[in-house]
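J.: If you want the building blocks of each chain, they are given just below.
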Amino acid sequence: MAKKSDYKNRVELVQGTLDMLILKTLQWGPQHGYGIVQALHTQSGEVLQVETGSLYPALHRLERQGWVRSEWKKTESNQRARFYQTTAAGKKQLVADHDRWQQMVEAISSIMQTNSGEER
Amino acid sequence: MKLWRTRADDIDEEMATHLAMAIQDRIARGESPEQARQAAMREFGNPLLVRETTRGMWGGEWMERIAQDIRYAWRQMMRSPGFSATVIFTLALGLGATLAMFTVVERVMLQALPFHEERRLVTVTESGRKGDQPYIPWADIQEWRQRSKSFAEIGFTTSAMGRSFIEGDNGAQQVMHLTVSSNLFHLLGVEAARGRGFDGISSEESAGNANEQTAVLSDAVWRDLFGARADIVGRVVKISGNSYTVMGVMPRGFTFPVQDHAMAVWTPIVLKDVDRTRENAAQRYSVIARLRKGASVQDAGAEMKVVQAGVAKLYTDAYTRDLVTTASVQRYRDSLVRPNVRRVLLSLFAAASLLWVIACVNVTGLLLSRASVRQREIAVRGALGASRRRIVQQLLLEGILLSAGGSVLGLLLAVGLLKLFSHGLLLQLNISNVMPDFRSVAALMGMTAVSAISAALWPALASARAPIEPALRQSAGQAGPSRTQHKVRSLLVVTQIAMSLVLLVSCGLLLRTIYALRQVPLGFRTDNIIVGRMAVPSYRFADQDMNQRLYTPLLARVRSLPGVESATLMSEVPLGHNFNMVFSFSADGNSADAVKRRDLRAQFRTVGPDAQKVFGFRMWKGRYFNEHDTAGSPAVVVVNRAFVHEYSASNDPNKVIGQRIMNFEKDRPATVIGVLDDTRQVGVADQSAPEVEVYLPQLTPQNGLYKSAEGIAMSIAIRTGRSFSSLIPELRPLMTAASPELAETKFTTMTEIVEDSYGSQQLVARLLILFGGSALLLCLSGLYGLLSQLVTQRTREIGVRVALGARRGQVVGLVLRQAGRMLLFGSLTGLVLAWFAARLVSSFLYGVTAHDGLTMAATALLLVLSGVAAAWVPAARAAGIDPVEALRAE
Numbered sequence: 001m002a003k004k005s006d007y008k009n010r011v012e013l014v015q016g017t018l019d020m021l022i023l024k025t026l027q028w029g030p031q032h033g034y035g036i037v038q039a040l041h042t043q044s045g046e047v048l049q050v051e052t053g054s055l056y057p058a059l060h061r062l063e064r065q066g067w068v069r070s071e072w073k074k075t076e077s078n079q080r081a082r083f084y085q086t087t088a089a090g091k092k093q094l095v096a097d098h099d100r101w102q103q104m105v106e107a108i109s110s111i112m113q114t115n116s117g118e119e120r
Numbered sequence: 001m002k003l004w005r006t007r008a009d010d011i012d013e014e015m016a017t018h019l020a021m022a023i024q025d026r027i028a029r030g031e032s033p034e035q036a037r038q039a040a041m042r043e044f045g046n047p048l049l050v051r052e053t054t055r056g057m058w059g060g061e062w063m064e065r066i067a068q069d070i071r072y073a074w075r076q077m078m079r080s081p082g083f084s085a086t087v088i089f090t091l092a093l094g095l096g097a098t099l100a101m102f103t104v105v106e107r108v109m110l111q112a113l114p115f116h117e118e119r120r121l122v123t124v125t126e127s128g129r130k131g132d133q134p135y136i137p138w139a140d141i142q143e144w145r146q147r148s149k150s151f152a153e154i155g156f157t158t159s160a161m162g163r164s165f166i167e168g169d170n171g172a173q174q175v176m177h178l179t180v181s182s183n184l185f186h187l188l189g190v191e192a193a194r195g196r197g198f199d200g201i202s203s204e205e206s207a208g209n210a211n212e213q214t215a216v217l218s219d220a221v222w223r224d225l226f227g228a229r230a231d232i233v234g235r236v237v238k239i240s241g242n243s244y245t246v247m248g249v250m251p252r253g254f255t256f257p258v259q260d261h262a263m264a265v266w267t268p269i270v271l272k273d274v275d276r277t278r279e280n281a282a283q284r285y286s287v288i289a290r291l292r293k294g295a296s297v298q299d300a301g302a303e304m305k306v307v308q309a310g311v312a313k314l315y316t317d318a319y320t321r322d323l324v325t326t327a328s329v330q331r332y333r334d335s336l337v338r339p340n341v342r343r344v345l346l347s348l349f350a351a352a353s354l355l356w357v358i359a360c361v362n363v364t365g366l367l368l369s370r371a372s373v374r375q376r377e378i379a380v381r382g383a384l385g386a387s388r389r390r391i392v393q394q395l396l397l398e399g400i401l402l403s404a405g406g407s408v409l410g411l412l413l414a415v416g417l418l419k420l421f422s423h424g425l426l427l428q429l430n431i432s433n434v435m436p437d438f439r440s441v442a443a444l445m446g447m448t449a450v451s452a453i454s455a456a457l458w459p460a461l462a463s464a465r466a467p468i469e470p471a472l473r474q475s476a477g478q479a480g481p482s483r484t485q486h487k488v489r490s491l492l493v494v495t496q497i498a499m500s501l502v503l504l505v506s507c508g509l510l511l512r513t514i515y516a517l518r519q520v521p522l523g524f525r526t527d528n529i530i531v532g533r534m535a536v537p538s539y540r541f542a543d544q545d546m547n548q549r550l551y552t553p554l555l556a557r558v559r560s561l562p563g564v565e566s567a568t569l570m571s572e573v574p575l576g577h578n579f580n581m582v583f584s585f586s587a588d589g590n591s592a593d594a595v596k597r598r599d600l601r602a603q604f605r606t607v608g609p610d611a612q613k614v615f616g617f618r619m620w621k622g623r624y625f626n627e628h629d630t631a632g633s634p635a636v637v638v639v640n641r642a643f644v645h646e647y648s649a650s651n652d653p654n655k656v657i658g659q660r661i662m663n664f665e666k667d668r669p670a671t672v673i674g675v676l677d678d679t680r681q682v683g684v685a686d687q688s689a690p691e692v693e694v695y696l697p698q699l700t701p702q703n704g705l706y707k708s709a710e711g712i713a714m715s716i717a718i719r720t721g722r723s724f725s726s727l728i729p730e731l732r733p734l735m736t737a738a739s740p741e742l743a744e745t746k747f748t749t750m751t752e753i754v755e756d757s758y759g760s761q762q763l764v765a766r767l768l769i770l771f772g773g774s775a776l777l778l779c780l781s782g783l784y785g786l787l788s789q790l791v792t793q794r795t796r797e798i799g800v801r802v803a804l805g806a807r808r809g810q811v812v813g814l815v816l817r818q819a820g821r822m823l824l825f826g827s828l829t830g831l832v833l834a835w836f837a838a839r840l841v842s843s844f845l846y847g848v849t850a851h852d853g854l855t856m857a858a859t860a861l862l863l864v865l866s867g868v869a870a871a872w873v874p875a876a877r878a879a880g881i882d883p884v885e886a887l888r889a890e
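Residue numbers (this note's numbering), protein chains in the order written: chain A, 1 to 120; chain B, 1 to 890.
Treat the hints as calculated values from the structure; they're not laboratory data.
Only true hints are included.
Computed list of lysine to aspartate or glutamate pairs in EDC-like fashion (alpha-carbon distance at most 16 Å, straight line):
id, chain 1, residue 1, chain 2, residue 2
1, A, K74, B, E13
2, A, K73, B, E13
3, A, K73, B, D10
Remember, it's a predicted structure, so these values are computed and weren't measured experimentally.
Using the sequences provided together with the hints, build the complete structure.
T.: What follows is the structure, encoded as structure tokens:
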């Protein structure tokens, strides 16, 4: 699997967040795979580098689940590329994912704060 | 498939676009094109893997993989045709044998009868002191109808007396003629295709009226004899000279009794007054009944036991009452398969299945050896990223492909086997034209899958589990199976030896049986005798003496043929299974003596002049018939030794000779004038049965025996030095001239009749020879294969041994010891198994016990010797190894 390959200095994505991030990125309009990678890279302050080995399977999985749909279109530089855009179901999913994520972050951070307090 | 191609292409293009964009971006940022490309590719990772995983998201890729694996497996098979052919042939042997036996078993035992809800059809028989009495008087059936509640309907049938001939549009032809209760077709749930059958006719209740008889024809009779004419219903046809109005034609394919002749007519039973009684003279019938909905065979059986206890009380004669004290119910379908046939079939099926298991074990061994040769290939596939599951799947598919090849060849073998044994099958099981049908083919496909998986799974798992690295590091020549694999393969060979020995011992026992049977003195000569079986058209000679009109002139003409030494007539030749008449005494009273008399059942035979000349029967006491015995002279009969034994308490022939044991007609008692030495009349393996013979020239139409003794079946037996094929063309015109119906006389030779009467033993023995021989071949090839591989693999070691001074003999011993160990273990296990399996064949044995030590020892010895012979080849090769070559080769 691609995650075994030797890229150094990388921040690994938290398990299960890739779908949410893709859906979020597509909120601003249709985008192709490379575009999604670039968007995530810049918007994360150049911290996140999504691997193609994870991205494309994820995109196709989302498409199969009906959360995104895709079509072949020309880019601004007149190149044929596959553009993905969210569907209504995808938007709902994003809201649900986002909620769950927030709960998770709050829960984790509250635990981390208590623990760090005791250790000191 | 097509859909998948486009999706794969789609993903490929998507990946390519991605890369192109990444490169452009990097160039735009100022990298050189070459740098940009390399960096982008590094960043991208393994495009193949990305593509595979992405495609995997859509599911269904397994179909594509299987297609790939099948193509790969096919190429592998083509690359080593020798190996593939061996595997396919081995499996074909096992599958073919099993399929053939399955087809027969299915045909005989599993076929649903073509009747409405046939599982509700049963037969009812009475039984008592002397066992089953399958034929029931009408009076009892009427009682059953009134007293029992388990049956919706009870019907009954009996064959019409004598041979029946129906006059069609172009001459007469013999037909199967069954008289039936008028509810029979309704009971079977089969309606006439034309006309209305016997609906509404209740002739069985009314006294017989010969002028108003009705008949239903089978489809074949209607088509063949009446040209399928539309106005058949209502026409009057002549059956054996009597007129019948046709009431209907049954649908095509309908036969009753099941598996009987397609040329058939059914007429309603006409009851005579005596048939309404329980006297001995009353006609007896086979009973077929339909269970009421929801009634089980067991319930019906229990009820009938109670009912019959009451019915038996109605018998006034104590002797007869004792014979019918109880009744039993059996599913009609089961009643069609005789218990000995069931045993024959199940034993043969077991033997064939064993051969199949041996074949599978053999193939497992072959695939294991193949896997060790292919270790590197599989390791390379593993190193390139093939998962274990994929490797197992691929190897299994190879197994299935080979197995499929085996099953196609096996199907051909099965068809061949069935063709080869069609005569024996017809004779023993009364089935003809057995061919695998869709059910057999379904079973074959099941067996194919099982063989593939059982033979290939283990080697596949072993290959997939093997560590990749050592296999890659080794050079091709060194690659060989591990120690455990060798143990496993030796175990497989031992298993094969053991199982083969089971088959071989059974085969040996049957061969000894056949040998013993051939040694049995038959009591008559069988050489140079031609036998013609005639269906006697007695209706043509209704008012004439058949002896004068038909038999005497026919015999005279046959005798005058060149090369005919002597000729005679017999109602049935010894060992013929065409026609059987039984003679019983009608003594009165219930004294011990009378019961003994009445218990005696003797074979009854009519013989013509010169019977002794043709068959060479030997007399024990007294004289045989001669030319002085005529219609006018005192009536005489000849009995045999077994008869004397049963008849006379003191077993004294002199007390039997001179006895008047029967009446030819009123005031014409027949005296015993001679006692024949025992002969085998029924079967070679059956002890001589009591027999009474009467002389054809003494019988006249006034005689009470006349009709059955000479009017049903008659065989002509001819002693001649000429060959069968040269005489038959001269005989046929004589037969046809005597009466046109005799044109269909079936000719055979006495040798053939004897051969056929070896019975099921012959069939079982021949099939077991085939199965046992195949098993031996397979286990020897397994042994040979393993040892050859061993020698190849140990070439270097043996080279070193020879270089260090080992003698040739020691090297040979090295290999033979290995073979000897396997043979010893295999044989010992096999003997133990054979000891238990012998029970399966014990019922077919004659003149040898199931646990015959000599047979077992001899068979084991044969196996060991052939095993050593098979091992000798690799052993000799090992001994021939040149140490210099062997060491240099590495």
